[in-house]
Every structure is written in C-alpha cells, then in structure tokens.
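With chain W's structure known, arrange chain C on it following the hints.
Note that the protein sequences, when read in sequence, are chains W and C. Be aware that the first sequence starts at 240, since it is given in the numbering used here, and climbs by one per residue. Be aware that the second sequence starts at 2, since it is given in the numbering used here, and climbs by one per residue.
Keep in mind the hints are simulated off the structure, nothing from the lab. Note that CB positions come from ideal geometry on N, CA and C, so glycine has one too. There's no promise every hint is true.
As the list claims (entries may be wrong) - Some chain W residues close to chain C (C-beta under 7 Å, calculated; not the full set):
#, residue
1, S258
2, S263
3, R276
4, G282
5, F285
6, G333
7, K338
8, Q343
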Amino acid sequence: EDQVTQSPEALRLQEGESSSLNCSYTVSGLRGLFWYRQDPGKGPEFLFTLYSAGEEKEKERLKATLTKKESFLHITAPKPEDSATYLCAVQAIGKGAQKLVFGQGTRLTINP
Amino acid sequence: ETGVTQTPRHLVMGMTNKKSLKCEQHLGHNAMYWYKQSAKKPLELMFVYSLEERVENNSVPSRFSPECPNSSHLFLHLHTLQPEDSALYLCASSQDWADEQFFGPGTRLTVL
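Pulled out of the complex, with its shape left as it was, chain W reads as follows (with noise of 0.2 Å):
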C-alpha cells in the first residue's frame, strides 16, 4: 500500500531561520511527488511536481528535491507570510495512478 508520512507534524521558525521539511513515501512505482501549500480555511495551492531521483524545483524561498525514498521541502529565510500547513502527495504508475496519496502535513509558523 503507498504510504505518505511527513515530519515534524509542526515546526516553528524565527523569520529568517531557514529549515526543511521532510516527505518520506513508499510507493510501487513512482510517477509524481507533489507539494502543496494550504492557509487555514482555504483549498491546498499547488507548488511543485518533481518526477524523478534528483530532481530540484525552486520558487522564490521554497526549493523542493527528490530521492528514492524522500523529498525534503527547503525553506530560506522565511517570511511570516510563508506560514501554512505544507502537503505532500505522491502518485503511482500503473492501476490507481488516478489517486493522489496525501501526508498529513507539516503545520510551518514564522515568528517576526
């Protein structure tokens, strides 16, 4: 059974302080990972798909990367506005690729 699991479930950061967020999965056969961000009261807005081992994707303070097994969520010097709850997914190849396989998040404070 694929299986998502995120850490730490909530981490708090001074603006500033940079850290990552970790995404472990297990899956049959791996053809997607995707990070979202959700703000309290409204909808997961996607950030990134990375598809393969060693994949890196950057937007503004944010920089996903990729192995086999995890894919780590690299914040830089954060912003209070960067403060969200952050999802992982991943996606399988073959019967069930339809299906997004969610973590239960890591729930990111920026103190100013």
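Chain C in isolation, oriented as in the chain W frame:
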C-alpha cells in the same frame, strides 16, 4: 470567476436532510475530483471523474453520490449523513488525471 469554485462554502445539515455540494472549474480541465479533509487526518480521495466518466470510487459509503454532468461541473449529493461525515470537502481539477491538481476553497460541512 477563475480557477475552481465551490458552493456553498459552509453547510450545516441534520442527519435526515438531503443536500448537494457544487463544484465548477474554469480551467478547461478534463478530470475532476472530490476529497474529504478531516481534522488530524490526511486528505482522502473520494471520487475521480475523467471526461465525465467515473474512474475511481474509493470505497465511499453510498450516502455520498457524485454527479458529473459535463467536464466543468461536479456535484456531491448528500443524504442521511452521520456526524462523523463532518469535514471540509474539497473539489479539484486537472488537465488530465495524471497531472497536477488544482483545488477549490472547499465546503465546510457540519452534520448535526
């Protein structure tokens, strides 16, 4: 309207009521999804429609009944729900079932 819209944004219903959730996407996508998000649990896929055909029914109880009359609209018909069905119901769409999904703001459902 742009993106994915959902109505109503909040809904309170009794266990004997019948209600419907509506989702509309303005992105020209071919696939649409219903997800359930409960507190402390990962996003759970409920249904997937691709080109108006249901391709996934993730063991959802029959008190939830989806309808996709065309590629832009998706409904979730609710009847005789239980209090444990209270959650945020999210609609999403993607260009194809294999592509990144874009979410609506959700409907916060409370079952009394």
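Structure-based check of each hint:
no.: 1; hint: S258; verdict: 22 Å, violated
no.: 2; hint: S263; verdict: 14 Å, violated
no.: 3; hint: R276; verdict: 11 Å, violated
no.: 4; hint: G282; verdict: 3 Å, holds
no.: 5; hint: F285; verdict: 5 Å, holds
no.: 6; hint: G333; verdict: 11 Å, violated
no.: 7; hint: K338; verdict: 5 Å, holds
no.: 8; hint: Q343; verdict: 5 Å, holds
When held up to the earlier numbered hints, the structure conflicts with 1, 2, 3 and 6 and fits the remainder.
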